[in-house]
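Listed below, chain by chain, are the residues.
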Amino acid sequence: MMRQTFRARMLLSVARLLLCGGLAVLCGDAAFAQARPKKKPEPPVEVPQRKVQMHLVSQSNRDQVIKSAAKIDELVEKNYEKFKVTPNPEVSDETFLRRAYLDISGAIPTLKQSQTFLDGRDPQKRSRLIDMLLNSRGYASHTYNYWSNILRVNERLANNAPGRPYSDWIKESIEKNVPYDKWVFEMMTAEGKYLDNPATGYLVRDSGMPLDAMNNTVRIFLGTQIGCAQCHDHPFDRWTRKEFYEIAAFTFGTETRRGAGDKMFGGGNVVNKLRDDLKKIDTGFDGGGKYNRFLLGNLVEVYDIPRALTYPHDYQYTDVKPKSPVAPKTLFGEEMTVTKNERPRVTFANWMTSPRNPRFAKNIANRMWKRAFGIGLIEPVDDIQDATVAENEELLAFLEQEMIRLKFDLKEFQRILYNTKTYQREAAAVEVHGGDEYHFPGPVLRRMSPEQVWDSFITLAVFTPKDYQVEPAFVQASFLSVNLGAVSAEELMQRDNALKVATDYKHRQARDKDYTYKGLVLARASELPTPLPAGHFLRQFGQSDRESIEGNTTDGSVPQVLQMFNGPITHMLLEPKSLMVSNVMSQKSMDDRVNVIFLTVLSRQPTSEERQAALAEIREHGPAGYGNVIWALVNTREFLFVQ
Amino acid sequence: MIDILKRSDEFGRRLFLERAAATCLGVTVGPKFLFGADEKKPAFDSKGKGGKAKNVIYLMMAGAMSHLDTFDLKPGREVQGETKGIDTNVSGMKFGEWVPSLAKVANELAVVRSLHTETGDHEQGRYLFRTSYKEIASIRHPGMGAWAMRLLGQRTDRTLPDNVVIGPEGRHPGAGFLEPVYTPVPVGDPIKGLQNTSAPAYLTDQAFEKRLDLINRFDAGFRKKFPQKQVEAYTEFYRQASALMSSADLKAFDLSQEKQETRDAYGTGQFGQGCLLARRLVESDVRFVEVNLGGWDMHTEIYDKVGDLCGNLDKAMAALIDDLKTRGLLDHTLVVLGTEFGRTPRINQNGGRDHHPAAFSGVLAGGGIRGGQFYGKSDEDAFQVDSDGVTPADFNATIALAMGLPIDKEIISSVGRPFKVANDGTPVLKLFS
Chain F
472 MMRQTFRARM LLSVARLLLC GGLAVLCGDA AFAQARPKKK PEPPVEVPQR
522 KVQMHLVSQS NRDQVIKSAA KIDELVEKNY EKFKVTPNPE VSDETFLRRA
572 YLDISGAIPT LKQSQTFLDG RDPQKRSRLI DMLLNSRGYA SHTYNYWSNI
622 LRVNERLANN APGRPYSDWI KESIEKNVPY DKWVFEMMTA EGKYLDNPAT
672 GYLVRDSGMP LDAMNNTVRI FLGTQIGCAQ CHDHPFDRWT RKEFYEIAAF
722 TFGTETRRGA GDKMFGGGNV VNKLRDDLKK IDTGFDGGGK YNRFLLGNLV
772 EVYDIPRALT YPHDYQYTDV KPKSPVAPKT LFGEEMTVTK NERPRVTFAN
822 WMTSPRNPRF AKNIANRMWK RAFGIGLIEP VDDIQDATVA ENEELLAFLE
872 QEMIRLKFDL KEFQRILYNT KTYQREAAAV EVHGGDEYHF PGPVLRRMSP
922 EQVWDSFITL AVFTPKDYQV EPAFVQASFL SVNLGAVSAE ELMQRDNALK
972 VATDYKHRQA RDKDYTYKGL VLARASELPT PLPAGHFLRQ FGQSDRESIE
1022 GNTTDGSVPQ VLQMFNGPIT HMLLEPKSLM VSNVMSQKSM DDRVNVIFLT
1072 VLSRQPTSEE RQAALAEIRE HGPAGYGNVI WALVNTREFL FVQ
Chain R
-6 MIDILKRSDE FGRRLFLERA AATCLGVTVG PKFLFGADEK KPAFDSKGKG
44 GKAKNVIYLM MAGAMSHLDT FDLKPGREVQ GETKGIDTNV SGMKFGEWVP
94 SLAKVANELA VVRSLHTETG DHEQGRYLFR TSYKEIASIR HPGMGAWAMR
144 LLGQRTDRTL PDNVVIGPEG RHPGAGFLEP VYTPVPVGDP IKGLQNTSAP
194 AYLTDQAFEK RLDLINRFDA GFRKKFPQKQ VEAYTEFYRQ ASALMSSADL
244 KAFDLSQEKQ ETRDAYGTGQ FGQGCLLARR LVESDVRFVE VNLGGWDMHT
294 EIYDKVGDLC GNLDKAMAAL IDDLKTRGLL DHTLVVLGTE FGRTPRINQN
344 GGRDHHPAAF SGVLAGGGIR GGQFYGKSDE DAFQVDSDGV TPADFNATIA
394 LAMGLPIDKE IISSVGRPFK VANDGTPVLK LFS
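Sequences listed follow chains F and R, in order.
For the first sequence, the tail end lands on 1114 under the numbering used here, and the numbers increase by one without skipping.
For the second sequence, the tail end lands on 426 under the numbering used here, and the numbers increase by one without skipping.
Quick caveat, the hints were computed from the structure, so don't treat them as lab data.
Watch out, some of these pointers could steer you wrong.
As the list claims (entries may be wrong) - Covered stretches of chain F, as calculated for chain R (at least 3 residues, CB under 8 Å):
1. 670 to 683
2. 697 to 703
3. 843 to 856
4. 897 to 908
5. 1014 to 1022
6. 1035 to 1046
Keep in mind that this is a model prediction, so the values were computed, not measured.
All C-beta atoms in this analysis are idealised placements derived from N, C-alpha and C, irrespective of residue type, glycine included.
Work out the full structure: start from the sequences and follow the hints.
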């Protein structure tokens, strides 16, 4: 990761001299892994990478973007007048820069990126920066984190089914900017094994819980909570238990796992048969779990059977009889008829993702608005009711219309939002929560998401963090995917061995070694497994356990502060080989170094008082003073918040 | 701008109301005064019960624990599934076969078999049990630990926190609308304890103070510009973190101080070790410790899973009760077993049980609770509550009473609305000895 140019090496030795006065302990760690020249070099281990192709925004659309943005501003301003709100002043370039980087590409800018933008003279530079960030891999990474939190993406999709194929599929959809309606449609209607058609992951995630799965789907994609109606009529919304069953009936025939005795495998229990055969040839196999990734994993498949949902035996209302069959019926909008040749869930998906669905476009437009401004026009974003009135109905109607005009192109939609004057105003000075009266004099001040905190730290320390990629799904999938009806025990054994080799320590080491610091992989959060262990930096800063929809939090805590004060990630910044230290060393005068430290950490110049304080600290403590200034700056509250 | 007005206005109004109430009415400001409703409900008469629990260990079963397979058996009924009943050390009390160790300390346990709520949503269920209030968008209610700290007063002579949550739980209500000082300290992994508590060896105390001073100088402008609770909260966490770093009591978080046999007795998993950590913290007089155990959401093949998970709970909770008793801590430590809701009596087509809020069970022990009893009854299939129904608010009011918290006291939130610990729930006096 760390460039080893001659210049870098020179800087390195200076850095050691400078920082080691106060940081002797750190230098001893020498923990930024580097290929050691002393050992005889082994042949390089191949590190397969997933090819990333980013969809790019079109420059020819710019006029339309600016026009739509102006329309949004106009509608927001109507409410300023109506509610006597004074809009916040426009943000400085410095604040805009940091906000745009964090909001669009998920991490603070590097020193070089900051300098490039701040020194630029193009009057359209903000708009161009927005485009550049939307086109960057950071956008895909950041957007993946957003959906991963909503969809509860887990390393383990189901028993014996790794989650990587599904998560790679989500990443690729974002990179290619697949239209949102098509993307959701694909998740809802996908068929096949999770290995062959990873879009099935969405339905496999809630395996065995068809009613909960429907509840989650309606909540995520239609912003509507029908969960209460699973057991009784909704006490605060209009949903009846009957309606819950009617909507759930669309997907009730969807299966997520084949039985081992399924006819397609040729009769008998194919898993037991293969287990018996394997016992004969593999002396290390006792019939236990060794081959389950093959034997049981290949049963994980989404398909449909003709199965009717019936009302529960304890159905307590008189409108239908307990145990009677449920006829599928949509919740609102168009009535749909399930035709003979169509799977019911396709009918459902057509209804849900249609531009005519009254809540599909509204939900995603509102969610994207919240993403940019910190608070939705409807709050909470996943509890839209018939009586719900948006903060600005006309604005939300326009956003819905734009979403449909753009054919659910979320990148283009966000491009418009970020180009508004409203987005480019200063953040609210007072704290605002969902449900408060707020008329968008500017965005809301937010603590960084857990991933933004982590990715920003990585940005401060590592030269090329975006180059690290988690092991792509195809590495394992190419071995794991077999036809259980046709595969022999011999082949399974061979595949198992080959899989072990392809994913062994050597391969993991080859992938991780340049990115490992004190046992932590220093890569973007989107390339780390989820959920991470409870004590991991990301979890401490609120990353979800992936059990609840949108389980991420941005609350502070004592362990976070201890992590920031004393944890390895903070001290990694002070290592001689970190990008941070290299930035400092690239300057000669103490004054310039202080400037560079502020610009690197907070993306702004110091005020004169701050400069004096920093200089005094450095004069007093010599080289260690730099370390103290850097440490203090990353520990500021300012660092953790998106202004 | 409305929001600025709101803040200053709020303070002014509250002050006005408090003064007016004190001088004119001689009462504390309550909802009745604010909203013009009818007269105040008379204070609850606790008949001298409660007030013995100085500390609470709350075991939260995330995913919703099956009541039929643990504490509310219906032998001979189809709904019983595969679970068999076993005798406990109290005659007439039977538990599920999966909790044999708890059966041996049943004389310490008061089992409430008539809990009921209206929500079948996991997060909402947990929220309700933790706060006694329904989750809504516009306000976050405080958890019981924060309530306890707020009502008993913050202890300034201590460096250990008074509110700790063990085990991962992303969406804990924490201090809710109360001050950040009452926020529980989360310990993600009890085996690792509280991490990063010592400053790098090269830093002297002075140098550390210097660094803290620099932080405050560097973001003075930011804090002035954004005088928000979410920002100020970090100031409080800086203070608490610094205090902890120099605390002599930090070893309370260090499980390696325990004998291996003790560690084994609790079970070596996250939950067992979490319970052991809770005991250590209570020994150091930490007031409220919550330990989380997830995995109860058994929609499929419940009998493949319930034995293992119950085993986890059984070993840890029984060891905890034994250990607290041996150390003379049980008299003033209330141990609570809570969950989100129950699981459907009828076993579904996938061999699992689904969500069932209409009737389920919870347990209280120690801290002045009379053990060896079942309280409340569900119907013949454990489907509905038959008698003595207990809501989460009642359950929490019972905890509050055990802790000696004033359940009638109103705390006004920043938006001027009054709230009470346990949301006007009624403590169950029969649960006390």
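In ascending order, which of the hints set out earlier in this document are inconsistent with the structure?
none
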